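With these hints in hand, go ahead and build the complete structure from the sequences.
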Amino acid sequence: MERRTVKRLLLAAIRFYQKNISPHKTPSCRYIPSCSEYARVAIERWGALRGGWMGLRRILRCNPFHKGGYDPVKELPDSVIRRD
9 MERRTVKRLL LAAIRFYQKN ISPHKTPSCR YIPSCSEYAR VAIERWGALR
59 GGWMGLRRIL RCNPFHKGGY DPVKELPDSV IRRD
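Note that this note's numbering has the sequence shown beginning at 9, numbered continuously upward.
Hints are not guaranteed to be accurate.
Stated by the list, open to error - Per label pair, the in silico range of CB-to-CB distance: (1) R12 / T34: 28 to 38 Å; (2) N71 / E10: 31 to 41 Å; (3) R69 / I29: 13 to 23 Å; (4) V14 / P80: 18 to 28 Å; (5) H32 / P85: 35 to 45 Å; (6) E10 / K33: 16 to 26 Å; (7) T13 / L64: 13 to 23 Å; (8) L84 / L17: 18 to 28 Å; (9) L57 / D86: 13 to 23 Å; (10) N28 / P85: 33 to 43 Å; (11) E10 / T34: 10 to 20 Å; (12) A20 / W61: 17 to 27 Å.
To be verified - Mimicking DMTMM-like on lysine to aspartate or glutamate, the simulated pairs with C-alpha atoms at most 25 Å apart in a straight line are: (13) K27 / E45; (14) K15 / E52; (15) K75 / E45; (16) K27 / D86; (17) K82 / E45; (18) K33 / E45; (19) K33 / D86; (20) K33 / E83; (21) K82 / E52; (22) K33 / E10.
The set of hints was computed from the structure by calculation and includes no laboratory data. These numbers come from a predicted model, not from an experiment. Where is the CB? At the ideal position from N, CA and C, for every residue including glycine.
Structure follows, in structure tokens:
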């Protein structure tokens, strides 16, 4: 499967969750931005593999044992050229 296809599938799954599931749940994310938004931005910025890993790690940290707070997605270094 192509990288773009995997990236699109992951982003579609996140959008589906944000539009159809999340609005019906009580807000419980300990972070800003929310975990789903963090994963979306991470995948858009870093790609499916690295961004997906960053999103998964963030979701696993979103629990009562972590204090949460503001935790933005890291920016790409200027030296990185993205190919999508």
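Cross-check of the supplied hints:
{"no.": "1", "hint": "R12 / T34: 28 to 38 Å", "in the structure": "holds, 35 Å"}
{"no.": "2", "hint": "N71 / E10: 31 to 41 Å", "in the structure": "holds, 34 Å"}
{"no.": "3", "hint": "R69 / I29: 13 to 23 Å", "in the structure": "holds, 20 Å"}
{"no.": "4", "hint": "V14 / P80: 18 to 28 Å", "in the structure": "holds, 24 Å"}
{"no.": "5", "hint": "H32 / P85: 35 to 45 Å", "in the structure": "holds, 39 Å"}
{"no.": "6", "hint": "E10 / K33: 16 to 26 Å", "in the structure": "violated, 33 Å"}
{"no.": "7", "hint": "T13 / L64: 13 to 23 Å", "in the structure": "holds, 19 Å"}
{"no.": "8", "hint": "L84 / L17: 18 to 28 Å", "in the structure": "holds, 22 Å"}
{"no.": "9", "hint": "L57 / D86: 13 to 23 Å", "in the structure": "holds, 21 Å"}
{"no.": "10", "hint": "N28 / P85: 33 to 43 Å", "in the structure": "holds, 35 Å"}
{"no.": "11", "hint": "E10 / T34: 10 to 20 Å", "in the structure": "violated, 38 Å"}
{"no.": "12", "hint": "A20 / W61: 17 to 27 Å", "in the structure": "holds, 18 Å"}
{"no.": "13", "hint": "K27 / E45", "in the structure": "holds, 12 Å"}
{"no.": "14", "hint": "K15 / E52", "in the structure": "holds, 8 Å"}
{"no.": "15", "hint": "K75 / E45", "in the structure": "holds, 18 Å"}
{"no.": "16", "hint": "K27 / D86", "in the structure": "violated, 33 Å"}
{"no.": "17", "hint": "K82 / E45", "in the structure": "holds, 13 Å"}
{"no.": "18", "hint": "K33 / E45", "in the structure": "holds, 15 Å"}
{"no.": "19", "hint": "K33 / D86", "in the structure": "violated, 38 Å"}
{"no.": "20", "hint": "K33 / E83", "in the structure": "violated, 30 Å"}
{"no.": "21", "hint": "K82 / E52", "in the structure": "holds, 12 Å"}
{"no.": "22", "hint": "K33 / E10", "in the structure": "violated, 33 Å"}
This entry does not satisfy hints 6, 11, 16, 19, 20 and 22, going by the numbered hints stated previously.
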